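J.: Required output: the full structure, derived from the provided sequences and hints.
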Amino acid sequence: MNIPDNKGFSLLELLVAMTLMTIITASLYSSLSIGFRAREKSENAIEEKRAAGIVMDLLKQEIISALPPTGILAGTFEGSDEQDAMGNDADTLVFYSAAYNPDDEETACDIVKVEISIQADDSTEKNNLVRGITTNLLSPKTVDPSEDIICTDIRSINFRYFDGNEWKDEWSSSDNENSLPKAVEVSISFNITDDEKSDEEDVNSITYSFSLPCA
6 MNIPDNKGFS LLELLVAMTL MTIITASLYS SLSIGFRARE KSENAIEEKR
56 AAGIVMDLLK QEIISALPPT GILAGTFEGS DEQDAMGNDA DTLVFYSAAY
106 NPDDEETACD IVKVEISIQA DDSTEKNNLV RGITTNLLSP KTVDPSEDII
156 CTDIRSINFR YFDGNEWKDE WSSSDNENSL PKAVEVSISF NITDDEKSDE
206 EDVNSITYSF SLPCA
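So the sequence shown is numbered by my numbering: it starts at 6 and just counts up by one.
It should be emphasised that the hints constitute simulated quantities derived from the structure, not laboratory data. The structure displayed is predicted, hence computed values, not measured ones. Be aware that a few hints might be false.
[Claimed, not checked] Below are the DMTMM-like pairs computed for lysine to aspartate or glutamate, each with C-alpha atoms no more than 25 Å apart in a straight line:
no. : residue 1 : residue 2
1   : Lys187    : Asp62
2   : Lys118    : Glu87
3   : Lys173    : Glu18
4   : Lys131    : Asp158
T.: Below, the structure is given as structure tokens:
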């Protein structure tokens, strides 16, 4: 008479199997976690580059439309070389531009006064890149510019100006025979969040230069 073999797994075999399953699960989770973090970091880096490109395009369109400092509504082109309390570049640029006015269908463009600067935001403790626009240049009263934040969490901004021979850190059209610089170089540094910092850097920078047609 044959007795059926009903022998099952021993406790040791179950423990070994559970241990192997735990190791495999942890390995898979670690691999997926690394992949998700790499994807998130890549998306953030691309988004930062995209935002920087948009900011540069905006500044380019404003600056290349700068008008010579002559005429009724024209004013000086003034670029100041400045630093903030931390020693970072915090240059300012003031000029007059023939900017497109999307709110006025009858007028293709309008002459406006543009002010580019960095301003501290006390609520977030971050620096914002601010563009001030003054539209009513013929007003008998002093008109406060309307300010738009075009980028947040800025580390620094630096302007340089090419006179045809060399680059200068500042520019005043009144000291340069009422003329515009031949070209303008813009360098912007963006702070990197703690999750994206590396051992070598904690800032992302972009530099762009372009010529002024009216120079």
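J.: Within a Cα-Cα threshold of 25 Å, do Lys118 and Glu87 meet the stated pairing?
T.: It holds: about 20 Å lies between the C-alpha atoms, which stays within 25 Å.
J.: Would the hint linking Lys131 and Asp158 be met if the CA-CA limit is 25 Å?
T.: holds, 5 Å
J.: Could you grab the alpha-carbon distance between Lys187 and Asp62 and see if it respects the 25 Å cut-off?
T.: holds, 18 Å
J.: For Lys173 and Glu18, compute the direct alpha-carbon distance and say whether it is at most 25 Å.
T.: violated, 77 Å
Going through the hint list in order, the structure does not satisfy hint 3, though it satisfies all others.
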